[in-house]
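Protein chains in written order, with the working numbering: chain F, 1 to 323; chain G, 1 to 439.
Any given hint might turn out to be false.
To be verified - Below, a sample of chain F positions facing chain G; criterion: calculated Cβ distance under 10 Å:
no., residue
1, A125
2, D133
3, A149
Keep in mind the hints are simulated off the structure, nothing from the lab. The C-beta atom is built at its ideal place from N, Cα and C for all residues, glycine as well.
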Amino acid sequence: MIRVITAISILGGIGALFGALLAYAAKRFAVETDPRVDQLLGVLPGANCGACGYPGCSGYAAAIAQGAPTNLCPVGGASVAAKVAEIMGVAADTMERQVATVYCRGGKAECGTRFQYDGIPTCKAAQAVGGGDKLCTYGCLGYGDCFRACTFDAIHMDENGLPVIDEDKCTGCKRCVLACPRNIIGMRPASALVQVRCLSEAKGRDVRAICSAGCIGCGLCEKACPFDAIHVHNNLASIDYSKCRNCGLCVSKCPTKVIVEQLGTRPKAVIGDDCVGCTVCKKACPVGAISGELKAKHVVDPDKCVSCKLCVEKCPKKTITMQ
Amino acid sequence: MTKAKTFGGGIHPRYNKERTLNLPIVDAVVPKELVFPLSQHIGAPCQPLVKVGERVLKGQKIADSDAPISAPIHSSVSGQVVAIEKRPHCSGQDTMAIVVSNDGLDEEAVPASTGTSIENVPADEIVRIVREAGIVGMGGAGFPTHYKMVPPAGTKVEMVVLNGAECEPYLTADYRLMMEESEQVVLGLRLLMKALGADKGCIGVEEDKSEAIAALKQAREAFPDIEVIPLQVKYPQGSEFMLIRAITGKELPVGRLPAELGVIVNNVATAVAVANAVTTGKPLVERVVTVSGSMVERPQNLRVRLGTPVGALLEQCGLKGQPGKVIKGGPMMGVTLANLDVPVIKTTCGLLALSPEEAEPLEISPCIRCGRCVDVCPMRLQPVFIAQFVERGMLEQAEAYNATDCRECGCCSYICPARRPLVQNIRLAKSAILAKRRK
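Kindly produce the complete structure, drawing on both the sequences and the hints.
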């Protein structure tokens, strides 16, 4: 019996001694940490995707405490940026949600191959074999490197061999952008609802010869745009999003349907009862959707209206609304 | 009897050389239109010296470059330049090329010199002639030969090694050259030795090519400083690294030039080109190409004008049907051609048409970690690990396992019982790592 008591007391004594030592060491050698870092880590999404440019969420949390911008987390978006700003006691930096976009519409049906590729089924490997099997040197190879890179299940490959991005799920982490060996995936503000989905700078004739869904640089979109927002450079149309008003006029004009839109049903301009018939809106409308006599109430033809909101901005009486 | 020299690792693929081994070299048809890509070598591409519409003569220099690592290009026929535009190239990408329509007259340009003999030509003159003749490594790599003939300052080349191993299956072009032009091979070697001031010359030949060894031994009889060395029959015996290891017993550190070990390696076909350029003053406008493979009706060793589309050669040799794959070079390291309009360039040593069954993609199964790829890797790498790192995108680890030392011989992929694409993955890693280092 005495042996049991001795053993317990020796072990207990050792335990107590080490416990005291550890307690002392914890106080004496404590590393000073910013308490905000733990709080920040709590509000960050914990995806550890690295899209902020720091090594994981903890890296970014430490960087914010050191003064890094609060709006770098694309996964969390504006709501996380606001929480972060609250913890840091600063005004939230604005952030426009960015989404990944595949700038190619030439799938298997539209664009053929130069040869049969039997190698490792990844885009990087295919690209290394003579520059890829696709006829178009700008277009999507379709072996799904972006699909495998996406950790948010936002990309899937369709039957035509093109990646399709689920913009609701896309967090803007840019992993797919880095994975694509042809730099076909790019980021765009989620509010940019019209895109030219082609990167080919080849001449229109050459594009037509190999792909039925490529930009041929015909310039019809340029002529159609009332806002000077779309221009053809190097046989390729590109949109200046600081000028684009998502009117969709270029989309309907494009002969190869390479300009796509996610406009959906849009509110149309409606002129209120305060209209004094000043004709400013009629002159401003790029599509001639507004009619009316001087000093009489004007009306908008909803079939013609392209929701560009120019009239809303121009109206001196502020009586035009989008409905 | 001592055992023939060799290196560690390597494989024994079926050589399939029987069909062309005993066929003398014959002239290939000269087509109506020839295509001369401006890039036929490692290094800077050439700039055209002629304009569209201009008449060119056989042997006339049509493109050149000021860059040190580059070699001029000569027309192999007389005729008219009809285009300078992008044309299919064996690299898979279209590259700039000079297109000449052949007038069939074969009118020759006046050579820079009428040729000279080895006794009368000074060492630096040999280098100049070799550069002007546009000679590059003809074993497949295409490194400009004149650049190799001026070793970096502070190094002394003691030995010139000629590579007559021809370890790639099917190919017999070098073998036929060694048989039929053994005198020129030895003369080329002596010229290279003279240019470099080397005391010793070796010709490494795989020991199964006993007739070539006998022919070369006879040709070198009068020159005691030249030795013909039989090598064990093994792939990749003809790789520069392996050849130096087999012949000198020294290991070439990765990233260093053979000249730093006092050795320079050249292909036997290059030596013949050097000998021809010095003795006749004429540039490199033709080369020997083995056309073989199971789909070829009459396999041959052809002396081909540079710029001939490969399709014309296949037509001359006859096809049994639609080939599954056409390969430029050997089956181990050659490249599959996507287009039969690709012209023969200075590095085209073979042309193989394989049957659809042979070209069938392999069924890949999981790695069973048998380690056979490690056993056969002549560079003593661990392909199994490197390939797995690449598949998982772990480039740093692939680099730590010396992926960049890979010579891309393909022994690992050949031996793998699971048919995994090992060398293919390692090549990807290599190019990604090298691209990162360049940044």
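Okay, the hints, checked on the actual structure:
no.	hint	result
1	A125	holds (6 Å)
2	D133	holds (8 Å)
3	A149	holds (9 Å)
Violated hints are absent here; each numbered hint is respected by the structure.
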